[in-house]
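Enquirer: If you read the protein sequences in the order shown, they are chains A and B.
When the letters of the first sequence are read in order and numbered with the numbering used here, they come out as residues 1 to 322.
When the letters of the second sequence are read in order and numbered with the numbering used here, they come out as residues 1001 to 1322.
Hints are computed from structural coordinates only; laboratory data are not their basis.
One or more of the hints may lead you astray.
[To be verified] According to the in silico footprint, chain A covers these stretches of chain B (three or more CB under 8 Å from chain A):
id, stretch
1, 1036-1044
2, 1087-1100
3, 1159-1169
4, 1208-1214
Beta carbons are placed, not taken as given, at the ideal position from N, Cα and C, and that holds for glycine.
Listed below, chain by chain, are the residues.
2 protein chains.
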Amino acid sequence: MPDATARDVGEFGLIARVVDRLAGGPGTSPSVLVGPGDDAAVVLAPDGRVVATTDVLVEDVHFRLDWSTAYDIGRKAAAANLADVAAMGATGTSLLVGLAAPPDLPVAWAESLADGLRDEAALVGAVVVGGDTVTSERIVVSVTALGDLGGRPPVLRSGASPGDRVVVGGRLGWSAAGYAMLLKGGVPIEALVQAHLRPSPPYAVALALAEAGATSMCDVSDGLLADLGHIARASGVHIDVESRRFERDALLGKACRVVGGHPLDFVLTGGEDHAFVATVPPGAALPEGVVRVGIVKAGSGVRVIGWKPSGVGWDHFRGGSR
Amino acid sequence: MPDATARDVGEFGLIARVVDRLAGGPGTSPSVLVGPGDDAAVVLAPDGRVVATTDVLVEDVHFRLDWSTAYDIGRKAAAANLADVAAMGATGTSLLVGLAAPPDLPVAWAESLADGLRDEAALVGAVVVGGDTVTSERIVVSVTALGDLGGRPPVLRSGASPGDRVVVGGRLGWSAAGYAMLLKGGVPIEALVQAHLRPSPPYAVALALAEAGATSMCDVSDGLLADLGHIARASGVHIDVESRRFERDALLGKACRVVGGHPLDFVLTGGEDHAFVATVPPGAALPEGVVRVGIVKAGSGVRVIGWKPSGVGWDHFRGGSR
């Protein structure tokens, strides 16, 4: 049945087909003691502590089937969670995946989703160890990622101190600009669209920041200013962002000539790039691939020096504030 | 705002309100090093291995808002996952919760859901450590449970050997009978309806079975025969179920006079009770609260002696097979 649907193969058939694609059983990763197929998975947690996070992606809210392939959605769902794990200074070990989908979902779609999850997880050495498939009208993909701290303390949002430098690793604004171009129609800039459909968090940079002694860290999912707001609030500090620190981004400039707005607004308030923002003590050497964008001071709140941003990020229940 | 909705308070407001109810931050459980509010949670995994499972509940598929309160749904979502953890012989330590819901969801509903999750988790000493809230048309609750093996080997589905006794801990058939009564209408038997809306897995019995040396174990979520089928297949054995071993259940008998069917069919094929079925070696002492219902033999498949069952369980994508 090349065009088989979830209804044709049934819940257990679908699980079997997807599990075959994941190759997440024991033997494929030294961390996995029990993979898919039992009541629960068993994963090594050598550190004695496990890092865990969950994210839910909903059709027509977080992705559109006319824009994203199933493979893209798998990559993005895995990336969003593995970036959260990396932002704690941990290495992802495993994913659990819940898939709610209509009975007429092509099995091939679920297999491509699994391929995307598997390939993104492989970037950090993680594998899919379990999941659940159920019926729903719209597709909902919920992913939980587990990670290991390797003996390091977790990097919290609450550790920033006055005097720390604020640094960013990874691209900012590309996802939001790609999204704006998709909404606008016409011929979009492919690199920006790809950044939206399939973000690529610089996982290694997050680990390097943790090893360099970062005092706080976030993945940039809500937008840089919003996520720095989380750090400022949790740490009880003020953060100055220096707009002159951001290099002019030629692609964002090109996009803005089509969709309007200013590149700096995309950089400062665009979400879902899953770059990393961290604070590092004055003396620490900065890892390769990070740029300094600001400074931590006593006080509260986040201020942008040299620019007046036009929004502060995204809120799912209010439909955005940009 | 006593009647505030998710839209009124926004994503971050909703999370804050729910987190306040969960009281799952550090200090409330010695296992939780970092609770809700950071990029990810950090939970102790003293065993060096972590048990993990995920289940997704969808409105109008797994629950109906006219039957279940938000509190019931929270209890049930937690129970389904914690039963899977217990079926591995592990103790639940923490839950992560994804909630997809319409913007007009009353905040009070989300708070009651959180209360239910918290109270069920508390039965095993677990707490909610993180989650995600997003928009969707229908309510989807995805829960991931983590657990600790306390130095014991995990109890897999694949360890049953010929000669082992098949034992059950917990009630069977009540959930399916309660569901049938709700569907039928009229005045239902409250205990059966409660068993469906808010199953109560006998977590301690699962742990006792693991400690008694159970060679395989499952929680009964698909129906006893279906779940024994999983064990028979994974272990490469045949299982005989002896129908005479099941005591006559007066409440099931009463229900069948209303909804039809035979009590034994509910016992053998009714799902979602989250009882535990296990195989134990011939010599092992049976823990309190378990009854012997069959025997493991060489061969394959599951046979019922003394009864011809009318179905073998539930499949979400095919809409059931009973």
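Enquirer: Against each hint, give a clear statement of whether it holds in the structure.
Expert: Verification of the supplied hints:
1. 1036-1044: holds (count 8)
2. 1087-1100: Held - the stretch 1087-1100 of chain B has 9 residues with a Cβ nearer than 8 Å to chain A, which meets the minimum of three.
3. 1159-1169: violated (count 0)
4. 1208-1214: Coverage by chain A is violated here, the residue count being 0 at a Cβ distance below 8 Å.
Of the numbered hints given earlier, the model fails hints 3 and 4; all others are met.
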